[in-house]
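Note that the protein sequences, when read in sequence, are chains A and B. Be aware that the first sequence starts at 1, since it is given in the working numbering, and climbs by one per residue. Be aware that the second sequence starts at 1001, since it is given in the working numbering, and climbs by one per residue.
If you're looking for bench data, these hints aren't it; they were derived computationally from the structure. Where is the CB? At the ideal position from N, CA and C, for every residue including glycine. The reader is advised that the hints may include incorrect statements.
Chain A stretches covered by chain B per the calculated footprint, using a threshold of three residues with CB under 8 Å from any CB of chain B [stated by the list, open to error]:
#1 9 to 21
#2 50 to 59
#3 162 to 176
#4 304 to 318
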Amino acid sequence: MGLKIAIVGCGKIADAHVEEIGKIPSVQLCAVCDLEPIMAEQLAVRYGVPRWYSDVARMLDVEKPDVLHITTPPQSHLTLAKQAVAAGCHVFLEKPVALRHCDAEAIIDSVVAAGRKLTVNYWPRFDAPALELLRLYESGVLGAPVHVESYIGYDLQGEFGMAFKRDPEHWVHRLPGKLFQNVLDHVVNKITPFLEDEQPFIQSVGWRWDADAGEPVPGVLLDELRVIIRGAQVSAYATFCAHARPVGQTLRVYGTKNTAHVDFMARTVVLERQQTFPSALGRLFPPFLVAKDYLQQGLRNVNSFSHARFHFFDGMRRLLSEFYLSIEKDSPPPISYNEILRVSSIMERISEQVYPEVYV
Amino acid sequence: MKVLVTGAGGFLGVQVVERLLAHGYSDIRCFLRDRGKAERLLALDESHRGPQLELCYGNLRLRADCARAVADVSLVVHLAAGLKGAPAELFADSVVASRNLLEALQARDNMPLKQTRVVLVSSFGVYGVVSLRRGARIDELTPLEDHPEMRDTYSHSKLRQEQLFWDYQKKAGFELVVLRPGVIYGPGGGAFSNRVGLQIGPVFFHLGGSNLLPLSFVVNCAEAIVQAAGHPGSAGQVYNVHDDDLPTASRYLREYKRHVKRMRSIRLPYFATKMLARSLEAYRRHSQGQLPGIITPYKAAAAWGGNKFDNAKLHALGWRQLVATQDAMAETFTYLRQQGAKQ
Chain A
1 MGLKIAIVGC GKIADAHVEE IGKIPSVQLC AVCDLEPIMA EQLAVRYGVP RWYSDVARML
61 DVEKPDVLHI TTPPQSHLTL AKQAVAAGCH VFLEKPVALR HCDAEAIIDS VVAAGRKLTV
121 NYWPRFDAPA LELLRLYESG VLGAPVHVES YIGYDLQGEF GMAFKRDPEH WVHRLPGKLF
181 QNVLDHVVNK ITPFLEDEQP FIQSVGWRWD ADAGEPVPGV LLDELRVIIR GAQVSAYATF
241 CAHARPVGQT LRVYGTKNTA HVDFMARTVV LERQQTFPSA LGRLFPPFLV AKDYLQQGLR
301 NVNSFSHARF HFFDGMRRLL SEFYLSIEKD SPPPISYNEI LRVSSIMERI SEQVYPEVYV
Chain B
1001 MKVLVTGAGG FLGVQVVERL LAHGYSDIRC FLRDRGKAER LLALDESHRG PQLELCYGNL
1061 RLRADCARAV ADVSLVVHLA AGLKGAPAEL FADSVVASRN LLEALQARDN MPLKQTRVVL
1121 VSSFGVYGVV SLRRGARIDE LTPLEDHPEM RDTYSHSKLR QEQLFWDYQK KAGFELVVLR
1181 PGVIYGPGGG AFSNRVGLQI GPVFFHLGGS NLLPLSFVVN CAEAIVQAAG HPGSAGQVYN
1241 VHDDDLPTAS RYLREYKRHV KRMRSIRLPY FATKMLARSL EAYRRHSQGQ LPGIITPYKA
1301 AAAWGGNKFD NAKLHALGWR QLVATQDAMA ETFTYLRQQG AKQ
């Protein structure tokens, strides 16, 4: 029999976990849990999960899962992760890892001490475009990375945006880095594979784009963020933007040989090559080369669609498969703990600069 | 008598408050989450000299806010519900919020729950219509949905909400009145119910055909709610709420095109809709959900199978349609045309 999986936290993101777990034939989702029994029940009923609980200790005791997915708000991650490893579970953790960097360290320490494994849901990193970028990087096509630009757009009118805007008690407002902290993982974790410094220079600025629009919730909700990061060899820009359209998610890696542009929404990876033709000819060919790249990417996407490999959370399925395999083979988990902690550290330093009053 | 109206700032809520005032209720607490929706209630308060509307802001997901909402009320009209968004949000806004409200009512020291009347606005979506033959009449005795997980999440959450109210009613013995409106429409509301069809990209797929639309004009619906809330014989009863002289989906679409704006639509007969639904469901299973299950055979049967409707029980309560269907549609289309012109 394969791994037994359980989920604690039955909010919006739990749907994606249930669906992606269901696509992996070697594992079985045995139960879900939420402090609010109605939420646990609705998730179990909608997806036909065999059992649901409102007490995680009881679920761990009765079900004895191999892996616990923690999809609760980050305020409870430290407690639940410790509880899970104490019960012998491996942990799949929803981002952000924890409220503070020291909590992230404590989570990983407890996992390591218990001889269990953990990974964090950095799923876009395991999506097809990210893997293609990694292939280009590792094959030397880009050369050495010089600069990285990671951009994420956000829709404040979307389902999640509306949920926390309407609710002044929403857990997002209680994060030290507020809205940014809930999203920044997906910006920073695309930079850290190229920028390996433990303590890079960071300069951040955050602001409210439309200060006259009326405050939807008590307190300050900043919705635009720009960050400059500089390591010994590589620099980066990180951007969170809630007002530009379309709501995009892109990554640009400037290398000493070529530059790659990744569009995570359109699922394309395009290479901007150094020209070898002289003078005007060198300016004539690039649009055609880029067009050829886009055409190839489009056809590859059609092929993926026709083979039913074009799901929104395909990267999560791949990450889960690799994580479960690392448990079965007792091999390293798909994301190193060092990288998880570097992401967490950079995020905390950004939050400290943007919301200094929270960290006094 | 102090009345609590939850969801008072919403499309239906404002009309319910207006009808309560028209029926002589003068002590009304309007509970609303969004301060931006208070404007129309404040205007109502201005226009009715004498009665005072108490605006109470909060979120029913929070127990403390529920406790504030229910203090000293003896009639609760519960309209607040999640209408759209992620499934978890719908259940939190409709079911968790309702449970908090009921527990807050139970927890009051100065007013026993048995002396409180609770009016729940449920939905037609709770009926289990899939197993019925085409053209079957839907009344209050029609069985409830057996497989809500196979329906849309809104219907699922409304069924769970209604079950919750009946469970608490059995335990606590308060007076419960349940109204199940069909498609509530009017100025301030949307243009189309799914029962007419679906907009997919630039094309509107007209799937309702000659099925009757169980329309309930928002003023008529509000009148039904207030009528049932105040009727001594309504405790423990369920009432379907829809207007008389119901149009077909085709007529509604035709008049929309004539009075609001021209649009491209493709009519799919029911057998074609069923075939399409079966194909999409087969593909969805094969592809493990690469495309969302918007049209499944089950949902198609529920939305476009076609039924007749019966509001005789509501009439027997003394309800009369305040705005005739033809006038209600004209008023709605005028509003939608003006909205379109503004965009």
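Tell me, which hint numbers fail for this structure? The structure breaks only hint 2.
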